[in-house]
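Protein sequence lines correspond, in order, to chains A and B.
Once you know that position 184 of the first sequence is 184 in my numbering, the rest is easy, because the numbers rise by one and skip nothing.
Once you know that position 59 of the second sequence is 59 in my numbering, the rest is easy, because the numbers rise by one and skip nothing.
Note that these hints are calculated values from the structure, not bench results.
Some hints could be false.
Heads up, the list lumps identical chains together, so a pair's fine if it works in one copy or across two of them.
Here are the simulated lysine-lysine pairs, DSS-like style, with alpha carbons at most 30 Å apart [what the hints assert, rightly or not]:
1) LYS128 - LYS240
2) LYS128 - LYS54
3) LYS360 - LYS186
4) LYS223 - LYS240
5) LYS360 - LYS373
6) LYS344 - LYS186
7) LYS273 - LYS67
8) LYS367 - LYS69
9) LYS69 - LYS344
10) LYS223 - LYS128
11) LYS402 - LYS373
12) LYS344 - LYS402
13) LYS240 - LYS366
14) LYS186 - LYS366
15) LYS366 - LYS391
16) LYS367 - LYS405
17) LYS402 - LYS367
18) LYS344 - LYS273
19) LYS402 - LYS360
20) LYS67 - LYS402
21) LYS273 - LYS373
22) LYS63 - LYS186
23) LYS186 - LYS367
There are 2 protein chains.
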Amino acid sequence: MALNMTLVSTHLDELRSALSADRVLTDATSLQHYGRDWTRHFEIRPSAIVFPVKADEVVRLVKWARKNKVGLVPSGGRTGLSGGACALNGEVVVSFERMNRILEFNELDRTVRVQPGVVTEALQNFAKANDAYYPVDFAARGSSHIGGNIATNAGGVKVLRYGLTRDWIAGLTVVTGTGELLDLNKGLIKNATGFDLRHLFIGSEGALGFVVEALVRLTSPPKPLTVMVLGLSDLESVMKVFNRFRTHLPLTAFEFFSDIALRTVVDHTHLAKPLGTDCPNYLLVEVENTDASTEAAILESFEHCLEAGWVLDGAIAQSEAQARDFWRLREDISEASAPFTPYKNDVSVTVAKVPEFLEKTDAILKKGYPDFKVVWFGHIGDGNMHINILKPESMDRADFLKRCKGVNADLFRIIAELGGSISAEHGVGLVKKEDLSSTRSVAEIQIMRELKSVFDPDGIMNPGKMLT
Amino acid sequence: MALNMTLVSTHLDELRSALSADRVLTDATSLQHYGRDWTRHFEIRPSAIVFPVKADEVVRLVKWARKNKVGLVPSGGRTGLSGGACALNGEVVVSFERMNRILEFNELDRTVRVQPGVVTEALQNFAKANDAYYPVDFAARGSSHIGGNIATNAGGVKVLRYGLTRDWIAGLTVVTGTGELLDLNKGLIKNATGFDLRHLFIGSEGALGFVVEALVRLTSPPKPLTVMVLGLSDLESVMKVFNRFRTHLPLTAFEFFSDIALRTVVDHTHLAKPLGTDCPNYLLVEVENTDASTEAAILESFEHCLEAGWVLDGAIAQSEAQARDFWRLREDISEASAPFTPYKNDVSVTVAKVPEFLEKTDAILKKGYPDFKVVWFGHIGDGNMHINILKPESMDRADFLKRCKGVNADLFRIIAELGGSISAEHGVGLVKKEDLSSTRSVAEIQIMRELKSVFDPDGIMNPGKMLT
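Modelling step: build the complete structure from the supplied sequences, incorporating the hints.
As structure tokens, this is what we get:
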């Protein structure tokens, strides 16, 4: 079914009466601001931005959109990297910015009921204030919304220890593409009464419906954390160090970044280089000091890796401020790369296949981009690597994209051979939908289409995303 | 679409040539043996039992069933308690008994690839032999299959600490009702490429398709465990003791059972009573000795609960043999109740609502069954209670069932009011399908029907289960 690409004035009048006039914006600045995420490769063209404040307003919006054949694009903190929150074809953007309340904390269940527009860091801080911990964490914590995290099953830097967003959602209230309000799983730990629709919605990128409330599980805060940076001689050492550390220490993070990545961050932030020695590759390692013996075990593992020649140099943060700076060396990579209009890949393999993946990808990147700056980093502990190709200043953007897509063909072939994923944590959105078949089979994609039809028969929920 | 309720001889010939003749059984003993699970309230009437040995045989079976309009019932260890593996209407039972190989252990990923017919305990033992741990555990461990565990998202006694089967499935290969072989998620930790069909299949009771292979995640073995039995004065003390223990100790299990449950087990097994004092309620508590201070912390918590008057008596197992006996007091309840043809309820609420649930349910049971023996036990740590009503010897089975279903109406109303579930871990199957709407909304049930149609358009996969 073709959707309307422009709103007529009666549509807008209906919208304004369904919400209130001040929560329907159509000015050019708002359309550009709310109509996109962090991707910069698309021409943005929404019809209006609306700001519901409660679930039944979202129900009314969906029913309105069905009746008028208008696409709806969900919008959270707009930190997505796959174009999932971009409105290109006259859709109405549903911003959850004003549904940003923390509704209820249940101390016995250790759950917190939130609206979808709660910022990740606000949830983390709320947990901390209640002697608890929300462990899903990543660089965009200050802007991203919990609703967007759920829509993409956000991962980040602590997955190795704490899993993904999926693992922390005890209940989910959603509005489907037919305007049904579903209250899924209600916070139960054990509930064997049919298909778990909650899990189907997590990671569905708004294609089945929109999250209007979530019941999030919290855990106990970790014991003090030790943060260190290690400098490595070569790529082969990465997994050797990982295996040594993870078998001897309670790791909470194990992050890799290349020399070019470090230099890009240091140039951008003016942070101090962490080590006296320049190395081709670096690791940021975080360990929880679960008991008195952890400190000695860290030093032992460090010395073992030095003696084996895998590690050339290393530094352990001596203060919380230094630990934060070490983390910034890894977490500011995206921001430091942004001025170079990077082309981003976000891929994963199983941990056991990381060495083969690193070796083969290194060869592809050297062959495919001999003249480009490649910023390489990732979460070794969960098999997820980010590859940012920086655009040479002199190069035309269209030429640059064409060149990057050419290299993708080689890269995605390797990933398919290794049974990996072409989108580890950014989602499919607009950016990866043409390549979905390199990770999912034809039969799976057909089933996905049919599942979408069940929840969204008119194709109004985030149209044109994920599926072609 | 109506399915055939009897197989004609040409159907059987085709089956025998699709597999081999010795893997198609039609004798009365086999039909009765393989055609049911642990429920005893149904009249069993399968047409044949088949034993595939590999995934592509299952594909061929499904295609054969589609062509001939024959229902297929998946069958694992047949320890189910909801009738999910019962064949009542001439279906062909697909036993996974001969697909029971452990295929591959990946030490780096700490995953093990298994066929669906691997017995839970065999997987646990395999993990142990490889210095790892498969933590999903329950009384039927010696017979249940991993395929059945996945189909029902099995929980059990360690959920408090380790979660459910869902949390340990890294990849899943299934055959849908159209005969498509889907290889879902491939063991990836991070994979944001569309709807997670793996999670939709977990807990779907064979209604969408059958599991033909699974990639199961393992973890590190726990440190030594301390097992104790506590005797409690009243139901209100249960949660008080739980809150004290869980805030001070690393719990791995926290199980409740009533005095009648204990006496039923002691009579059946001739195990020694655990305590000198007879108490109305008991707890089995298991704690991991994570460090040297745990033992002292256990004693402190125990004394705190004694002084508060919540605990009347207690005993800590002094040997592994005694710990096993303590566990049998809890785990043998089902077996000890079996001769009394119990009517089983398996319900859950959130942990915070357990006190209100216990109080209200106690009142309903006393009012509804003043003359019946009620064996009550459950997993306090995850909000799941089991209620077994024992049939008085003199009572007719039909009268007994009618009486139990009458009490269900009151019980299920309370559970709905508390936002709980009428099937915490046994699944829906045949036993709970008429009552599904007390946990799932009309809209959810309609969506479940439509999802089933996507995967199983002809309704041949475990027909008549879960959905009416």
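Verification of the hints:
When the C-alpha separation of LYS128 and LYS240 is checked against a cutoff of 30 Å, the pair qualifies only between copies, where the shortest distance is 24 Å, while the shortest distance within a copy is 35 Å. In this assembly of identical chains, the alpha carbons of LYS128 and LYS54 lie at most 30 Å apart only when taken from the same copy (26 Å versus 50 Å across copies). For the homomeric pair LYS360 and LYS186, the shortest alpha-carbon distance between copies (20 Å) is at most 30 Å, but the shortest distance inside one copy (45 Å) is not. Proximity of LYS223 and LYS240 under a CA criterion of 30 Å is satisfied in both settings, with 26 Å inside one chain copy and 26 Å between copies.
Taking the shortest Cα distances, LYS360 and LYS373 sit within 30 Å of each other inside one copy (18 Å), while across copies they are farther apart (67 Å). In this assembly of identical chains, LYS344 and LYS186 lie within 30 Å of each other by CA distance solely across copies; the values are 23 Å between and 37 Å within a copy. Taking identical chains as interchangeable, the C-alpha atoms of LYS273 and LYS67 are never at most 30 Å apart, the minima being 58 Å within one chain and 68 Å between chains. When the C-alpha separation of LYS367 and LYS69 is checked against a cutoff of 30 Å, the pair qualifies neither within a copy, at 47 Å, nor between copies, at 55 Å.
In this assembly of identical chains, the alpha carbons of LYS69 and LYS344 never lie at most 30 Å apart, being 34 Å within a copy and 49 Å across copies at closest. Taking the shortest Cα distances, LYS223 and LYS128 sit within 30 Å of each other both inside one copy (13 Å) and across copies (29 Å). For the identical chains of this complex, LYS402 and LYS373 are intra-copy neighbours only, at 16 Å inside a copy versus 75 Å across copies, given an alpha-carbon limit of 30 Å. When the C-alpha separation of LYS344 and LYS402 is checked against a cutoff of 30 Å, the pair qualifies only within one copy, where the shortest distance is 13 Å, while the shortest distance between copies is 63 Å.
Taking the closest pair of Cα atoms, LYS240 and LYS366 come within 30 Å of each other only inside a single copy of the chain (23 Å); across copies the shortest separation is 63 Å, beyond that limit. Taking the shortest alpha-carbon separations for LYS186 and LYS366, only the inter-copy value of 28 Å comes in at or below 30 Å, while the best intra-copy value is 50 Å. For the homomeric pair LYS366 and LYS391, the shortest alpha-carbon distance inside one copy (15 Å) is at most 30 Å, but the shortest distance between copies (75 Å) is not. Taking identical chains as interchangeable, the C-alpha atoms of LYS367 and LYS405 lie at most 30 Å apart only when both belong to the same chain, with a minimum of 14 Å there against 71 Å between chains.
Taking the closest pair of Cα atoms, LYS402 and LYS367 come within 30 Å of each other only inside a single copy of the chain (16 Å); across copies the shortest separation is 75 Å, beyond that limit. For the homomeric pair LYS344 and LYS273, the shortest alpha-carbon distance inside one copy (25 Å) is at most 30 Å, but the shortest distance between copies (65 Å) is not. Taking CA atoms no more than 30 Å apart as the test, LYS402 paired with LYS360 passes inside one copy only; the shortest distance there is 22 Å, against 67 Å between copies. Taking CA atoms no more than 30 Å apart as the test, LYS67 paired with LYS402 passes in neither setting, with 40 Å inside one copy and 48 Å between copies.
Taking identical chains as interchangeable, the C-alpha atoms of LYS273 and LYS373 lie at most 30 Å apart only when both belong to the same chain, with a minimum of 19 Å there against 73 Å between chains. Only within a single protomer do LYS63 and LYS186 lie at most 30 Å apart by alpha-carbon distance; the minimum there is 25 Å, versus 38 Å between protomers. Proximity of LYS186 and LYS367 under a CA criterion of 30 Å is satisfied inter-copy only: 29 Å between copies versus 52 Å inside one chain copy.
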